[in-house]
Amino acid sequence: MASEPTDLELVQEVLAGRVEAFAILIRRYQRLVATAALRMGVPRQEVEDVASEVFYKVFRSLRRYEPSHALSTWLYRITVNAALDHKRARRHDARSEEIPASLADGGPSQLDAAAGRQRASLLHEALQRLPDHYRSPLVLSHVEGLPLDQVARILDLPEGTVKSRLFRARAMLKTIIRRHYPGLAPEGAFETSS
Amino acid sequence: MKNLPMFPVTPGDDPGARWADALLSDLRRETLDIDVTRQVMLRLEAHRPAPAPIPLPGHWPGVAWAASIGLGCACLVLLMATLGAMVLGGDEGARAAWALVTSAGQVTWGLLGRFGQAAAAFLSASLALLRGAYSLLDTLAPVVRGAGALAAMTGALSIACSVYVFDRARRGAPIAGQRSIDPIRGGFS
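Here the protein sequences line up with chains C and X, keeping their order.
Going left to right, the first sequence walks through residues 1 to 194 as this note's numbering numbers them.
Going left to right, the second sequence walks through residues 195 to 383 as this note's numbering numbers them.
With the rest of the complex left out, here is chain X (with noise of 0.2 Å):
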């Protein structure tokens, strides 16, 4: 909005519809007419847009939904009525799918025989170097501890050291920015 800045509108503000009927009379009297009907007809021809699609009302997506639900159910037990029928009637197809399904599960479950061994083969293993590792532990224990006390003292010794060092720097250090008087000049330096 140019030229005017944001102000807080109070009701006082507002000088009613009759007045803005009365500033805005003389665009009620402007009116224009054009033709422009052979224009848009001529764009039509030209383009031929299809009319948009119809939206569809707020409630036919739910319907879709359930509708491929219910059919894909409705399938799932066709499927299962027509192979149970297969099985029960002795087809020969029907055997030869059962048995290649039991040999897939029986070599599957051999598969996982085999992984479930490996498995338990390397985890008995890490059990072991775990309980030694643990053995180890505990028999350097107190040599462990000691040199961890040993290290704490040092450290300990180091900090003091280190606070005695600061300290004595702290006090023979110049004071910044403090004017001095020149002994010698007897001025200011």
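Okay, chain C solo, but in the shape it has when bound (with noise of 0.2 Å):
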């Protein structure tokens, strides 16, 4: 059985003319990017849009890709802008629509569910009131779990700003909880602070 193509030789075949491999890179990544995208706050039934002109958008660049970086770095770059960029464009707030209808439909498991979606709607609201440079560090870092120098490098950005921003970013995320929804602070979190 023969391996996968790695991302380099499926970024070597689209450019040589071969644009069927773009497809393989679709699938690969497209889940990546939507929840990417979703964490970054765009209304879940806009993802689809926004991950299909981020591949648009690789598909044009791809020569510019730099192969010394993962391409996972080069796609979060561009689905950050790409939400931005959408944040912008429609400045409204589509996650209200997001939030169950009843919590009492269902059993346990679904009601836990049920109160799973709309945490994460509170959430993705609260951090809607961040502003845009101080969210996009604090998304990557702390949900999509990715490490310092990938930041900095995914913004473009030294890591000593994206330290500073991360601090910023957390002390008003606090506040903000602390203001406006305190029911989602982990247990204890005003008590102590590490």
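Hints in this document: simulated from the structure, not taken from any laboratory.
Treat the hints loosely; a few may be bogus.
Heads up, incomplete: computed chain X residues facing chain C, CB under 10 Å, no partners named [said to hold, decoys possible]:
| hint | residue |
| --- | --- |
| 1 | Arg212 |
| 2 | Ala214 |
| 3 | Ala216 |
| 4 | Leu217 |
| 5 | Ser219 |
| 6 | Thr225 |
| 7 | Asp227 |
| 8 | Met274 |
| 9 | Ala275 |
| 10 | Arg308 |
| 11 | Arg362 |
| 12 | Arg365 |
Here are a few chain C residues that face chain X, going by a calculated C-beta distance under 10 Å [what the hints assert, rightly or not]:
| hint | residue |
| --- | --- |
| 13 | Thr35 |
| 14 | Leu71 |
| 15 | Ala171 |
Note that the Cβ used here is the ideal one computed from N, Cα and C, for glycine as well.
These two chains come separately, so use the hints to put the complex back together.
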């Protein structure tokens, strides 16, 4: 059985004219792009459009891809920018529509899932209150779980700047949670701070 | 930013990475499965966007400049060498071109000479006029000085008169805002 082609091999094939190879790249990374866009605050029903735009942009600028960095880093960068562009273009919050209509429908597991979705929705709302340049590093670091150097590469910022933005973003988020969403705070969060 | 006034952030305000991890854990569990492969590939087929050209490395513009200047110099040298060979070889065309160049030079030189003569005549006329004006001013200097002194004296006299008139007027004017006692009715007017 032949091994899967690497990202670089696929990129080279696309650049050589075999556009079909791009479909493999899309299948490989569409979940990452969609999830990142969702976590960056793109409404669920518009994630497909944003992801489609991201892959279109990736294809257009594929020659600029630097193989020294992972393709995922580059995709994250384009996705973050696309999500911010999308937010600027639409200036409304569609997330309220995603809150389940009724939490009383279904059994306990469905109730848990519904509560989780509602909590996630409120967290998204809280994150939307942060300025873009603070939200992006926070989401990449604490939601996507990326290391600091990769966040810095994605945002094209020095690591020190990312660190200070993370510090300020967490402080702002703490204030937002305390004022507007006290129920979301982790247990004992406001008594002890690490 | 909505509902969040600007506030100074101190080290104590940062709740820490663990706090953020714990808070946002629900978002980490949130994933989304989509399939945009067909949509993107159809779009690519429909528009057939040309991949963007490769950006040039930073030092390439410098190399391009140097190459352009070098090639320009080489072309100039080649041209001069060809012209030199034609002139030295007694080429008919080169002789005709040389005759044309010398004729053009002579014509230009003649025109410049004429232009120079005209400019010199204009300058000498202007100088004569300036000299005449200076002589006239020199002759009339005492008269001008007398007129100036008279004007200055008249000005000083006018200022003195104005000061006197304004001073008188100021002394005789009523004081603004002060209530005066009505001598007839015995009250304030």
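Consistency of the hints with the structure:
no., hint, result
1, Arg212, "holds, 5 Å"
2, Ala214, "holds, 4 Å"
3, Ala216, "holds, 4 Å"
4, Leu217, "holds, 5 Å"
5, Ser219, "holds, 9 Å"
6, Thr225, "holds, 5 Å"
7, Asp227, "holds, 6 Å"
8, Met274, "violated, 43 Å"
9, Ala275, "violated, 44 Å"
10, Arg308, "violated, 65 Å"
11, Arg362, "violated, 72 Å"
12, Arg365, "violated, 70 Å"
13, Thr35, "holds, 5 Å"
14, Leu71, "violated, 16 Å"
15, Ala171, "holds, 4 Å"
Of the hints listed earlier, those the structure fails to meet are numbers 8, 9, 10, 11, 12 and 14, in rising order.
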